[in-house]
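Chain by chain, the residues:
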Amino acid sequence: MTQIKKVVKVGIADLNIAKSPDVIRTSGLGSCVGVVVYDLNEQIAGMSHIMLPDSQLTKQTSMNAYKYADTAIDVLIEKLLAQHARKLFLKAKIAGGAQMFQMNSTSDVMRIGPRNVDAVMERLKRHQIPIVASDVGGSNGRTIEFDPSTGELHIRTVSKDEKII
Amino acid sequence: MAKKLTTIQKDVLREIGNIGAGNATTSMSQMIQKEITMEVPSVNIVTINEMMELIGGPEKLIVAIFFRIQGEITGTVYFILSLEEAQFFIDQMTQMNQLKLMDENNHLNEMAMSILQEIANILTGSYLTALADFTDLHMLPSVPYISVDMAAATLVTGLLELQTVTDHAIIINTKIQSMTTEDSIKGHFLLVPDPDSIQKFFHALGIE
Chain D
1 MTQIKKVVKV GIADLNIAKS PDVIRTSGLG SCVGVVVYDL NEQIAGMSHI MLPDSQLTKQ
61 TSMNAYKYAD TAIDVLIEKL LAQHARKLFL KAKIAGGAQM FQMNSTSDVM RIGPRNVDAV
121 MERLKRHQIP IVASDVGGSN GRTIEFDPST GELHIRTVSK DEKII
Chain S
1 MAKKLTTIQK DVLREIGNIG AGNATTSMSQ MIQKEITMEV PSVNIVTINE MMELIGGPEK
61 LIVAIFFRIQ GEITGTVYFI LSLEEAQFFI DQMTQMNQLK LMDENNHLNE MAMSILQEIA
121 NILTGSYLTA LADFTDLHML PSVPYISVDM AAATLVTGLL ELQTVTDHAI IINTKIQSMT
181 TEDSIKGHFL LVPDPDSIQK FFHALGIE
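Residue numbers (our numbering), protein chains in the order written: chain D, 1 to 165; chain S, 1 to 208.
Hints may contain errors.
[Unchecked claim] As a list, the in silico BS3-like pairs of lysine-lysine whose alpha-carbon atoms are at most 27 Å apart:
no., chain 1, residue 1, chain 2, residue 2
1, S, Lys60, D, Lys160
2, S, Lys60, D, Lys163
3, D, Lys5, S, Lys200
4, D, Lys59, S, Lys200
5, S, Lys10, D, Lys59
6, D, Lys79, D, Lys91
7, S, Lys34, S, Lys186
8, D, Lys59, D, Lys6
9, S, Lys4, D, Lys59
10, S, Lys100, D, Lys160
If you are wondering where the hints come from, they were derived from the structure by calculation, not from laboratory data.
Next up, chain D with everything else stripped away, as it sits in the complex (with noise of 0.2 Å):
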């Protein structure tokens, strides 16, 4: 029996897993940054959608983990374990970080983008998980689409054809 093909939702400052043949996706990304952590072998993928670089930030006594870069990746490694994802063979692919809006103002919030980018990666790092391939930065909104089964992680931005890294 063939199985059929589901799409695994992510939304903003959330998290998922998805397991082939599904895939998984998230749309609109902005400043923020959509992390992908899989397993090629296993074929089981985990994406996270992050708004802000460091759960420090929040003023909040019951935060919501998946938003920010140091302890969505946390929570998303734990999850990819659970589901017996190997640590060893895990890889990421992120893209996002842009820059929205185009301003003089050297106020953090405005330069979100980037400082998400660097939290990512640091953060990545720390588990010792490589970065195999990103597309980050620039002016552009992203929707990002990843295969378990392949590695392919596909971009759609409004004014650029797909691409795929």
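Following the hints, position chain S against chain D.
Just chain S now, with coordinates in the frame of chain D:
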């Protein structure tokens, strides 16, 4: 932040949207010499993902101009248009059909962008002025920030400060449209006050 508002609190926030957008609508009518109407504002407490659904989904291509508000009230105000509506505005303002916001290759025109920024500046200015007069609270818009892209990509930036405080935002959404059917403009004004400012609005208007 409370996840529920009382009926009277909702009414007050709706009235805030009414007064602000009412004034902005008048400015807009004068600017394009056409009659503009507005709908009764809706007040919703939503997560950021629910907010995207209000606009038409995270991938919807929109023209968003946003302002951070500073002063006694802080928050974010968005003026949101579809591409066609934004183009209609540009045509009305320039009195010629040469200036295209987006060309065949999906490249944006700087001049058209700056016209939209200026329109939003005037409209948001009149929105906030009416609000400041009504509540006797001081509020000042930042310079306009414009982006033409997917809704999720553009709207998140104005909410980042709020997002460190809460997962929910109170959104006062007013839809506006022109009376004439054939060339209709529809736009959204979204006012998203920071959580502290909601209390200030209630206090200024005599409810707690």
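Exercise for review: State the violated hints by number, sorted upward, taking the hints as numbered earlier in the document.
Suggested key: Numbers 3, 8 - these are the hints that the structure violates, sorted from lowest upward.
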